[in-house]
Amino acid sequence: MRELSQKRAICAMPVAGSYRSIDFTLSNMSNSHIQKVAVLTQYNSRSLNEHLSSSKWWDFGRKQGGLFVLTPTVTADNSNWYRGTADAIYQNLTFLKNSHEPYVVIASGDGIYKMDFNKLLEYHIEKKADITVVCKDMPADANLERFGTVKMNDDCRIEEFEEKPIQAKSQTISCGIYVMRRRQLIEMIEKCAEEDRYDFVRDILIRYKDMKRIYGYRINEYWSNIASADDYFRTNMDFLKPEVRNYFFKQYPDIYSKVDDLPPAKYNVGSQVKNSLISSGCIVNGVVENSVIFKKSYIGNNCVIKNSIILNDVYIGDNTYIENCIVESRDTIRANSRYVGENGEIKIVVEKNERYTM
Amino acid sequence: MVKKEMIAMLLAGGQGSRLGVLTSKVAKPAVAFGGKYRIIDFPLSNCINSGVDTVGVLTQYQPLRLNTHIGIGIPWDLDRNIGGVAVLPPYEKSSNSEWYTGTANAIYQNLEYMESFNPDYVLILSGDHIYKMDYEVMLDFHKANGAEVTIAVMPVPIEEASRFGIMITDENKRITDFEEKPEHPRSNLASMGIYIFNWKTLKESLIAMADQPALDFGKHVIPYCHEKNMPLYAYEFTGYWKDVGTLSSYWQANMELIDIVPEFNLYEEYWKIYTRSEIQPPQYLAEDSVVERSIIGEGSDIYGKVYNSVIGCGVTIGKDTIVRDSIIMNHSQIGDNCELNKVIMAEEVCVGSNVRLGVGQEAQNETAPHIYNSGIVTIGEKSVIPDGITVGKNAVIFGETTTADYTDSQLASGKTLIKAGEQH
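Chains as they are written, first to last, in this note's numbering: chain A, 11 to 368; chain B, 1231 to 1654.
It should be emphasised that the hints constitute simulated quantities derived from the structure, not laboratory data. Do not take every clue at face value.
Okay, the calculated beta carbon distance ranges per label pair [to be verified]:
id : chain 1 : residue 1 : chain 2 : residue 2 : range
1  : A       : Gln181    : B       : Gly1281   : 38 to 48 Å
2  : A       : Glu231    : B       : Glu1366   : 47 to 57 Å
3  : B       : Glu1517   : A       : Ser64     : 36 to 46 Å
4  : A       : Gln45     : B       : Gln1594   : 31 to 41 Å
Quick reminder that beta carbons are idealized off the backbone N, C-alpha and C, glycines included.
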């Protein structure tokens, strides 16, 4: 993710103009009537905490359940950070033990997708599975190095599971979304901890793949992961496609996000916007093409923004040229600047200049 | 015991009949404004920004959208354990049940609500003005002068003063006299319909005047207080304040928002205006779109050309369509190859393709020229206009129209075509 994740946890990355990555998973959970959600976080979580400051945006402000943000804490017998995904769950095992819901959905916050978890659960029950893993068939040319790949038999039972393969044996990847019985999860996590093992994928999925019934559930609709800068750029650009926009923005159910109370976007004389997404609170005075402009950005006179992503609250001075870039949020770009990502490379722009106007 | 220093009572029951078909189905305070707001957002946001966290909203006329919009007050942070926002409709009593018959009568019928907060001061607001005002500063003025009633006033050009209630004050801003729409105004200080009362004064005056039919603040309560020789003061406000009671002033106020640096600036960090946002996605501007001097709300898709316009949320404007000098409210859909000139289009309107609105010679409106004028075409909410229709200036359309409702696919300037709902 290069410089972008220096500033915030990946699941707090702004996506598609008006959202943050975690909104997709949280909205899916809310829309699936899951009422109790815990977010496990430790890395650079200020942005994320700010975003999750109220549970009402996703309708989690309930008496039954609610939204819980669980960060590592110092206790009498433990002062470790989360040493892995399984350890993160282990350190919050009391939360799981005190719950009464029979099933648990475990999902990463960096997936961009829509999913009815009830369908996933029905499938899980129907297959009599111990763990069900959401999977996606990737196109032949996709780079799978970052993912875990799975191989399923005809019944969709997972026979092989390989984490971050150098030479992938299958084009089907794990999306990092799992469902299992709560008691089963507690049992496995406790066993893991006894053996000083900390990783959910390596120490549970891969280790138990022959002993437990682990099934794959294929997602056929849009799914994307933003965990690398290139994927992040591509995912945002996907929202310029009418079918993707229609799927996420126009089809029920909606994706929810924190409401920012920004005024409508404003287009002054000289603005020329082509094939772009513009978010609320923006003021546009220049040319914008094939780009995604996040909330509250100011684009000065005679600017040209092409094929770029401008994150929240960026000020771009007059006569600036930006092409093939991701401009970090709250940047201030001086007038007459030029930033171009060359040779197919996406340039990440981080400019902390003084801002005088507005 | 619960104690609030000042609570607000917001009069939102009015129909606003001078907005014509725009208020056929909604109360005026719920009419959309400025791309994503509703008129009531301005006084509600002023309240919370001024530290007034207890607001009673008095509703009566067509309250559905208003009620849905306000809900429990979350967008304005008015969901409170103690206080917050309460919607107060007229209610049945064991004897003498009645509608709200006047502004002060509505407040009178809710004395118990106010009493329950044990306030020192009550702020009376109306839900039909666009402005940003710190009511706390007005309260300081009220206290400093030892006033029993303070009326917010606004200096207006003297030639326009005869359209307003005019306050005549001495050098200390104490009100010595007042005139309702005077022919020869003696002052240019117009009442803005914003009052701060000492709670005891308000309660006593309302009870004393209770039998007055159509009890009104401007007509009855203020004159009563004046007769009793109470200290009434005029608080002069010099910021932006706009009455959007007529279609042309409503159009004008919207258009002022698209100036480079508008006098009424929604983009300031200070004094935010809050509203309920149902739609969150960004807006999409297509390859062949042109947007200049306009503001556009969330989730709108623009395929055509938009000039000098205010576009709401979730609006679609089709390919090769040209929109000029118009206001398009939330969720309206406009087909391809249309032309819109100076149109005010309410919410959820569906316009086909090849439709031209606001073309041809100007002509006076046949049914209500005092409402529909200035060349504006007004389209009521949920109206349908089929393909290929041409509509003139000062025309009105309301309801699901079909080609059969038009002669040769035309509606001439000044014509009124109302198919559904209550007529105006």
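Here is how each hint holds up against the structure:
1. A/Gln181 - B/Gly1281: 38 to 48 Å: 60 Å, violated
2. A/Glu231 - B/Glu1366: 47 to 57 Å: 52 Å, holds
3. B/Glu1517 - A/Ser64: 36 to 46 Å: For A/Ser64 against B/Glu1517, whose Cβ atoms are near 38 Å apart, the range 36 to 46 Å holds.
4. A/Gln45 - B/Gln1594: 31 to 41 Å: 60 Å, violated
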